[in-house]
Amino acid sequence: MKHKLTSTTQSNLTNKNRFRFKKLMNYLSILCCLFWVTCFSQTKNVLFLGNSYTYYHSLPQLTSDIALSFGDTIFWDSNTPGGYTFNQHSTNTTSLTKISAGNWDHVILQEQSQLPSFPPFQVASDCFPYASLLVDSILSANPCTEPIFFMTWGRENGDQGNCANYPPLCTYDGMQARLRESYIQMSIDNECTVSPVGAAWKYIRDNHPSINLYTADGSHPSIYGSYLAACVHYSTIFRKSPLGSTFNSSLSQTDAHTLQQAAKLVVIDSLDNWRIGANDAVAGFNYTINGSLASFSLNSTNIDSVLWKFGDLSTSNSLNPNHEYLDNGNYLVELIAFLNCTSDTSYQTISISGLSIKEHKPFTLNYTNDCITINFKSSAEKSISVINSIGKLIYFKETNERQLILPKLESQFHILTVWDQNYGRSSLKIIQP
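Remember, the numbering used here sits 7 above the position in the sequence shown when you count from 1.
Bear in mind the hints are in silico, worked out from the structure with no lab data behind them.
You may find that some hints are simply not true.
As the list claims (entries may be wrong) - Below 30 Å or equal to it, Euclidean Cα-Cα: the simulated DSSO-like pairs (lysine-lysine) are:
| id | residue 1 | residue 2 |
| --- | --- | --- |
| 1 | K105 | K316 |
| 2 | K415 | K399 |
| 3 | K404 | K436 |
| 4 | K384 | K399 |
| 5 | K415 | K436 |
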């Protein structure tokens, strides 16, 4: 007996299939989200050293909460006694003990709020030496830690207590300009990064004056000011935009978005201004090809060593190596550039097509314990070169002789290349007996 699907049954099956498809798509969407978060999230250990400008509204925790909203994690610690200076932190047992733990990816350094705005000669004596002491302590504990200077903000109406002695302090703009100059100078002198909270502060004051960044004393941050500082710190630490964070603290979504946008504009759009990434290795290279010989030259910055992978299982640590390929084809060349604790990788695909296919090789090799004898099939003019395993030319000769004895080679693996007037170019790997 044959059975026929009724229209109702067909409809039910169609609905079930749609439901199953929808469940499958939802499941795949969840997997994609988990994959994205797992692969692109970062974890950072951060130490905050400063004073009340840092501990107000628990700025480190605000920064951590913003990071968490993007799937990033900050494990943090702090030492922030009220009014503390770099001078005091440089001898403070708690600060030095926390620094010496050495497990920090970043240490954020915030100077007393007025000191860096004072006249340059005073900042040079009362601030800069202690900034350098702290940086030295941080790098001595762990040379891979990145010190970050926390550029603070000018007081709402300038520093009226010091206005008479130094006119730039009479206004917010004058005080902010001096803070910016001093923190940037500290970053240059110590080859460190700046977290430009003060610059973002000025942007909000200039463009969104209705957002009050201060508490009633005109100095300490309101929750708006601390949230802005947290956005800037997040961008500086992770080199990511805070725009779109779902953590708004107690702010409205509109105000939080405005502060996030300010941090993005000031930090992410101007990384070079704050020396963000200035100490990173950057890999790059150029190359030329002559037949089967590829010559590589670095186009990299901030490097102290390299590793080349030529795509044929050969490698080199030379800065600008030559490499002889034994077969025609496409090769993916990888350059890894290193500087201290950072590295960067660059890839390029090169094409080798200069090798001619010969039915017979124009020479034979005879190995002895101390040398390699090459017997040539013709007395035509020829050139002979030997390159070692790191791409260095160690032997070259032009001759028309029928026999050549190579001197003893220092290592086992080499590439012999012969250019013969009659036979063209031939290359092969040779192994020292």
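Hint check results:
1. Proximity of K105 to K316 is assessed by CA-CA distance (about 41 Å); at most 30 Å being required, the pair is judged violated.
2. For the given pair, K415 sits about 16 Å from K399 by alpha-carbon distance, which is consistent with the 30 Å threshold.
3. With a CA separation close to 18 Å, the supplied pair K404 and K436 stays within the 30 Å bound.
4. Straight-line distance between C-alpha atoms of K384 and K399 comes to about 27 Å, which keeps the hinted pair within the 30 Å bound.
5. Taken as a hint, the K415 and K436 pair is honoured in the structure, with Cα atoms around 16 Å apart against an allowance of 30 Å.
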